[in-house]
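**Q** So the chains spell out like this:
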Amino acid sequence: MNSLERVAATLRFAKADRTPVIPQVFAHAAVRAGVPIVDYLHDGALLAHCQIEARREYGYDAVFAFMDTALEAEAMGCRLEFPEGQYPDVTACALSPDTPIGELAPPDPRRDGRLPELLRATGLLRSELDGEAPVVAVVLGPMSLAGQLMGTETALYLAVDEPERFEELLDLTTEVARRHGQALLSAGAQVAVVFEPAASPVVVPAAFFRELLAPRIAALFAAYKAAGALATWLHVAGDVTPILPYYERTGADIVNLDYEVDPDEAGRILPHACLDGNVRSLAFVLDVADEVAAEGRRLVARLAGRGGFILSSGCEIPPEARPENIAALVSAVRGRS
Amino acid sequence: MRQLIRTLIEGDSDAALTAARRLRAAGVPDERIVSEGLESAMEQVDAKCTVEAFNLLEVMLVGRAVTVVASEHYPSGVPREHGRATVVIGSPEGDVHDLGKNIVTMVLRGKGYRVCDLGRNCPVDALVDAVEREHAAALLVSGLLTTVIPRVRRLRPALAERGLTHVKLLAGGAALRQATPEQLEVDQVAQTAFDGARWLDAVVARERA
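Protein sequences appear in the order of chains A and B. The opening position of the first sequence corresponds to residue 1 in the working numbering, with each subsequent residue numbered one higher. The opening position of the second sequence corresponds to residue 1001 in the working numbering, with each subsequent residue numbered one higher.
Pulled out of the complex, with its shape left as it was, chain A reads as follows (with noise of 0.2 Å):
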């Protein structure tokens, strides 16, 4: 079996030759070439370029066509600062509590901004990996594109003081994600992932992802589903057991678990989903290789038996991780059926 396949097979729980293993290596494939991270987040040719050589390195299973969480923000007017080393940040919000709504629209996703360059990125991982591994794209989810426009703290008080007008944000930010993730699965992308950690519960109350998120989610997922997603991945970080009853709703495929998650109970909540995850991300900076590569092999034993289960990182790997720690992560699917 390739990496497509082996994916393939894991989502519809039929048995494959091993286990897939996909760590989130973003933006620690520059590091690992010597790139310096903030021309791989300008250069779709170069991002594609690392991208495939971490995996034929590493040996996993699917690649990202991801830059970085301000990708979209930034496209919509907000100004960004590139700290060397690290992702950008927003250094001007593109809305004022002030400002309305209405002002800001969607951006394009072939013009505006560095969202040509992921196309770009997106469409030569693609060319290069036809049939043999998935093409993994990431779009900003509504909750946490909300929070880089207007700023997380102004955006959450905003919730609860003019109700209606933050759900005019959240629809602008869903519609931003629908083009976005639209036009990454036309680009070559099979796989989508909604990344909302501004949606966890450590953020917002189960309510709040149930009623106002949740729906959202959902409609992003059928547009990439018609759009011809061959999975939908949904990505909240931090302990999301209060909001996986909610999940099944959203029709994600794949449910990314933070290392806080049981993902025994997350098994019997979903048993349905594919569930990825959920080694701790820090471990592959802080931890030694041999504790990365036990803790793989125990998630293996503990749920490859259930069929859908993809074992990863629970968020990011950051891109000062320890390559070894990344490859002893690998290592532990390997001889396993």
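Simulated from the structure, these hints should not be mistaken for laboratory data. Since the structure is predicted, the reported quantities are computational estimates derived from the model, not experimental observations. Mixed in with the good hints, there may be bad ones.
Quick look at which bits of chain A chain B covers, simulated, 3 or more residues with Cβ under 8 Å [claimed, not checked]: (1) 66 to 74; (2) 150 to 161.
Some chain B residues flagged as far from chain A (calculated, every beta-carbon gap over 10 Å) [claimed, not checked]: (3) Lys1048; (4) Glu1058; (5) Thr1067; (6) Tyr1074; (7) Thr1086; (8) Leu1169; (9) Trp1199.
Incomplete in silico selection of chain B near chain A, CB under 10 Å [stated by the list, open to error]: (10) Ser1040; (11) Gln1044; (12) Leu1061; (13) Thr1146; (14) Ala1175.
Here a beta-carbon is modelled for each residue, glycine too, at the ideal position from N, C-alpha and C.
For chain A, the structure is supplied; the task is to place chain B on it using the hints.
**A** Quick look at chain B alone, frame taken from chain A:
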């Protein structure tokens, strides 16, 4: 006082301010409004917010209401003689995220601490300077990014160079809370704002005993 506490817990800033003004007009001293109103409200929210059931939005709303009331009574901040203890807080250099730090600041102010908030992207020297200047009992750092870990590890030796070995070091935030105190070379790693505040309460109480 019950009405003040209830409106604070509901996160209703306007109603809390009205209740506090009513108490003040009736002759209740500022210190009692803070200790019996604000601190009681924060303690009740603390009891409700466990590591398993904690979300920033609810705490932000209570924190905002507490801050609005506290600012009216103490526009320049809680005076040192009324504060439970002084602490310095900041996001380390390289991290411009400050939501978590702001929540901790609100919680601690609500509990009667005098908090010197240095903001985000703070160099080690600026944090240590503030500890020395403010005679702080503790230095708190919050980090969303793993890349700040080397700077967090520099805090202990930087404090020691100024003879501030008695100052407690507390770390928290999405990235730092995945680490152990030993890995970060701090005294404690907090899982939530209230978790950190409880630890701080215990430290301050021990030192006063």
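**Q** Checking the smallest CB distance to chain A, is Glu1058 of chain B really beyond 10 Å?
**A** violated (7 Å)
**Q** For the restraint on Thr1146 of chain B, tell me whether the closest CB of chain A is nearer than 10 Å.
**A** holds (4 Å)
**Q** Using the nearest Cβ pair, does Ala1175 of chain B come within less than 10 Å of chain A?
**A** At 7 Å from the nearest chain A Cβ, Ala1175 of chain B passes the 10 Å test, so the hint holds.
**Q** Taking the closest Cβ pair, is Ser1040 of chain B under 10 Å from chain A?
**A** violated (23 Å)
**Q** For Thr1086 of chain B, which was marked as not at the interface, is the minimum beta-carbon distance to chain A over 10 Å?
**A** Check passes; 24 Å lies beyond 10 Å.
**Q** With d taken as the least Cβ-Cβ distance between Leu1169 of chain B and chain A, does d exceed 10 Å?
**A** Consistent with the label, Leu1169 of chain B stays out of reach of chain A, its closest Cβ about 17 Å off (over 10 Å).
**Q** With a cut-off of 10 Å on the beta carbons, see whether Leu1061 of chain B makes it to chain A.
**A** holds (6 Å)
**Q** Do three or more residues of the segment 66 to 74 of chain A come closer than 8 Å to chain B, measuring C-beta to C-beta?
**A** violated (count 0)
**Q** Examine each Cβ of chain A, and state whether all of them lie more than 10 Å from the Cβ of Lys1048 of chain B.
**A** holds (12 Å)
**Q** Given Gln1044 of chain B as an interface hint, is the shortest Cβ-Cβ distance to chain A below 10 Å?
**A** At 17 Å from the nearest chain A Cβ, Gln1044 of chain B fails the 10 Å test, so the hint is violated.
**Q** According to the definition I'm using, a residue is off the interface if its beta carbon is farther than 10 Å from all beta carbons of the partner; does Tyr1074 of chain B meet that for chain A?
**A** holds (22 Å)
**Q** Counting residues of the segment 150 to 161 of chain A with a beta carbon closer than 8 Å to any beta carbon of chain B, are there 3 or more?
**A** n = 6 at 8 Å, threshold three: holds.
The structure fails hints 1, 4, 10, 11 (numbered hints given earlier, in ascending order).
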